[in-house]
Amino acid sequence: MLVFSLLVILIFNFALELDLQARTSLSAGILWATFIFAGTIGLNRSLAVEKDRGCLDGLLLAPVDRSVIYFGKAVGNLLFMLIVEAIVLPLFSFLYAFNVFQPGFLLVVLLGSIGYAAVGTLLSTMVVQARTRDILLPILLFPLTLPVVIAAVKGSQGFFQSLPYEEFSVWINILVAYDLIFIAVAMMVFDFVLED
Amino acid sequence: MILVKKLVKRFGPLTVLRELDFSVAEGEFVALLGPNGAGKTTLLRILATLSRPTSGLVRIASYQLTQAGPELRAQLGVVSHQPLLYGDLTARENLIFYGKLYGISQERIQEVLELVGLGSRQDDLVRTYSRGMQQRLAIGRAILHNPKILLLDEPHTGLDQEAGEILDRVLQEVALEGRTVVMTSHDLVRAASLATRIDLLSRGKITASTPAQGLSSGDLVDFYRTALAGGRGKA
Numbered sequence: 001m002l003v004f005s006l007l008v009i010l011i012f013n014f015a016l017e018l019d020l021q022a023r024t025s026l027s028a029g030i031l032w033a034t035f036i037f038a039g040t041i042g043l044n045r046s047l048a049v050e051k052d053r054g055c056l057d058g059l060l061l062a063p064v065d066r067s068v069i070y071f072g073k074a075v076g077n078l079l080f081m082l083i084v085e086a087i088v089l090p091l092f093s094f095l096y097a098f099n100v101f102q103p104g105f106l107l108v109v110l111l112g113s114i115g116y117a118a119v120g121t122l123l124s125t126m127v128v129q130a131r132t133r134d135i136l137l138p139i140l141l142f143p144l145t146l147p148v149v150i151a152a153v154k155g156s157q158g159f160f161q162s163l164p165y166e167e168f169s170v171w172i173n174i175l176v177a178y179d180l181i182f183i184a185v186a187m188m189v190f191d192f193v194l195e196d
Numbered sequence: 001m002i003l004v005k006k007l008v009k010r011f012g013p014l015t016v017l018r019e020l021d022f023s024v025a026e027g028e029f030v031a032l033l034g035p036n037g038a039g040k041t042t043l044l045r046i047l048a049t050l051s052r053p054t055s056g057l058v059r060i061a062s063y064q065l066t067q068a069g070p071e072l073r074a075q076l077g078v079v080s081h082q083p084l085l086y087g088d089l090t091a092r093e094n095l096i097f098y099g100k101l102y103g104i105s106q107e108r109i110q111e112v113l114e115l116v117g118l119g120s121r122q123d124d125l126v127r128t129y130s131r132g133m134q135q136r137l138a139i140g141r142a143i144l145h146n147p148k149i150l151l152l153d154e155p156h157t158g159l160d161q162e163a164g165e166i167l168d169r170v171l172q173e174v175a176l177e178g179r180t181v182v183m184t185s186h187d188l189v190r191a192a193s194l195a196t197r198i199d200l201l202s203r204g205k206i207t208a209s210t211p212a213q214g215l216s217s218g219d220l221v222d223f224y225r226t227a228l229a230g231g232r233g234k235a
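Line by line, the protein sequences give chains P and X. With my numbering applied, the first sequence corresponds to residues 1 to 196, in that order. With my numbering applied, the second sequence corresponds to residues 1 to 235, in that order.
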């Protein structure tokens, strides 16, 4: 995940010779494309590890509410994404000459990552039984996470372009709403997703 | 302890369990025999709350399966085809992990490791274990929390003589403690030596049942063949 993310950032940096204006408008998209691709790799692996030796059944047998399993996996996936982002962001800051260490921008990163991990954990659980899960997960995941990707890019752009907060606050609100809705949905359907 | 009435399980167009009736009294050790594809694993997965019935009644302890939650799962110990163990953790770490889910003490973990004969290898990674050792650890994981009901899916598969004998000893001790056990198996003689009752599952239904005590090998084979033939006739 981490190596892939660093490679993507570097490749984009050298492949796209961006002037200042283009850099300002495209950098947020480059950053989130990196996070999304890396996050997808992590999502596939996190459930595959459980499935391959039947350990997912071991978790399902535990005397805990099954939504606890969902939260555990989602938090684990989120932590992996945040660790990758914590390493990638300084490099991004250096290559693209943006100050990424702004509280508002970091909040956007956190909210976007939460939304992606929340939906991604649910969908990766659904496809873990399929032989073509490596292909199936991105096909299912990307349309569903489009709102969070768009909102995260727009929100990030607002900070990169130093726009007044009121001009892009709607995107932050969309991120918060998306996160809350999909965490609630995942909690409600996770039981049914898991059982044969 | 376990009551199953008119249980049906379909996977798409395929009906695996066909209005199956099955019951196990508290403290009973039932060996469930049957040919491949009869539905043994499917039945066990339903009893273990890992699979949802298409229709029918399943009651375990005082819980109806459709309302099953953590309280029911706390009473179940399951050994399935796969070991349910993390290969990159040691035996001890695996039991510590599962122990935390059940609130188990370190002393109990050590006791179980000794019981299944893995005390000297407890700090080795599970992926370095033989099949027999993994199966013994899987049994240990299943009994770690002293469950009232044990569900064992062909636990002797792939075991060598020594590992099989260790497993038999563990299962006999478990049975003596009065736990309710349902074990699927292809090994007629072994099943009869451990169980108090033998049921035959064929084509999604229980077609025959007999007490296990006092049966010779010949009796067992006759029972199995006769019951199977009767099952095919009913299909």
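Quick caveat, the hints were computed from the structure, so don't treat them as lab data. Quick reminder that beta carbons are idealized off the backbone N, C-alpha and C, glycines included. Misleading hints may appear alongside valid ones.
Stated by the list, open to error - Sample of chain P residues facing chain X (criterion: CB under 10 Å; computed from the structure):
no., residue
1, Ala22
2, Ile41
3, Leu60
4, Pro63
5, Asp134
6, Glu166
What the hints assert, rightly or not - Part of the chain P face toward chain X, derived, beta carbon under 7 Å:
no., residue
7, Ala48
8, Lys51
9, Gly54
10, Pro103
11, Glu167
12, Met188
13, Val189
14, Asp191
Said to hold, decoys possible - A short list of chain P residues far from chain X (calculated; beta carbon distances all over 12 Å):
no., residue
15, Val49
16, Cys55
17, Leu56
18, Leu59
19, Val88
20, Leu91
21, Phe98
22, Gln102
23, Gly104
24, Pro143
25, Asn173
26, Leu180
27, Val185
28, Phe192
Each hint, compared with the structure:
About 45 Å separates the beta-carbon of Ala22 (chain P) from the nearest beta-carbon of chain X, more than 10 Å, and the hint is not met. Among the interface hints, the one on Ile41 (chain P) is violated; its C-beta lies about 19 Å from the nearest C-beta in chain X, farther than the 10 Å criterion. Hint status for Leu60 (chain P) relative to chain X: holds, with the closest Cβ pair at about 6 Å, below 10 Å. Here the hint on Pro63 (chain P) is kept, as its CB sits about 4 Å from the closest CB of chain X, short of 10 Å.
The criterion of a C-beta within 10 Å of any C-beta in chain X is not met by Asp134 (chain P), whose closest approach is roughly 21 Å, and the hint is violated. Given hint, Glu166 (chain P) at the interface with chain X, is violated; its Cβ is 47 Å from that chain's nearest Cβ, farther than 10 Å. Violation of the interface hint for Ala48 (chain P) is found here, the shortest Cβ-Cβ separation to chain X being roughly 13 Å, above the 7 Å cut-off. Taken as an interface hint, Lys51 (chain P) does not check out: its beta carbon lies about 10 Å from the nearest beta carbon of chain X, beyond 7 Å.
The interface hint given for Gly54 (chain P) holds, since its Cβ lies 3 Å from the closest Cβ of chain X, which is under the 7 Å cut-off. With 7 Å as the threshold, the beta carbon of Pro103 (chain P) stays out of range of chain X, its nearest partner Cβ sitting at about 36 Å, so the hint is violated. At a threshold of 7 Å, the smallest CB-CB gap from Glu167 (chain P) to chain X is about 48 Å, leaving the interface hint violated. With 7 Å as the threshold, the beta carbon of Met188 (chain P) stays out of range of chain X, its nearest partner Cβ sitting at about 15 Å, so the hint is violated.
Contact between Val189 (chain P) and chain X, as hinted, is not supported at the beta carbon level, the nearest pair being about 14 Å apart and thus beyond 7 Å. Here the hint on Asp191 (chain P) is broken, as its CB sits about 9 Å from the closest CB of chain X, past 7 Å. A beta-carbon of chain X is positioned within 12 Å of the beta-carbon of Val49 (chain P); the least distance is around 8 Å. With a minimum CB-CB distance of about 6 Å to chain X, Cys55 (chain P) fails to clear the 12 Å threshold, and the non-interface call is violated.
The claim that Leu56 (chain P) lies off the interface is violated: its Cβ sits roughly 9 Å from the closest Cβ of chain X, which falls inside the 12 Å cut-off. The beta carbon of Leu59 (chain P) sits about 8 Å from the closest Cβ of chain X, which is not more than 12 Å, so the claim that it is off the interface is violated. The beta carbon of Val88 (chain P) is kept farther than 12 Å from every beta carbon of chain X, the shortest such distance being approximately 26 Å. Every beta carbon of chain X lies more than 12 Å from that of Leu91 (chain P), the smallest distance being close to 29 Å; the non-interface claim holds.
With a least CB separation of 38 Å from chain X, Phe98 (chain P) remains clear of the 12 Å interface cut-off, as annotated. With a least CB separation of 39 Å from chain X, Gln102 (chain P) remains clear of the 12 Å interface cut-off, as annotated. For Gly104 (chain P), the non-interface assignment is confirmed: its Cβ lies about 38 Å from the closest Cβ of chain X, beyond the 12 Å cut-off. No beta-carbon of chain X is positioned within 12 Å of the beta-carbon of Pro143 (chain P); the least distance is around 26 Å.
Even its closest Cβ contact with chain X, about 36 Å, leaves Asn173 (chain P) beyond 12 Å, as expected for a residue assigned away from the interface. Here Leu180 (chain P) stays apart from chain X, with its beta-carbon at least about 25 Å from theirs, past the 12 Å limit. Non-interface status of Val185 (chain P) relative to chain X is upheld: no Cβ of that chain comes within 12 Å, the nearest being about 20 Å off. Listed as a non-interface residue, Phe192 (chain P) fails to keep its Cβ farther than 12 Å from every Cβ of chain X; the least gap is roughly 8 Å.
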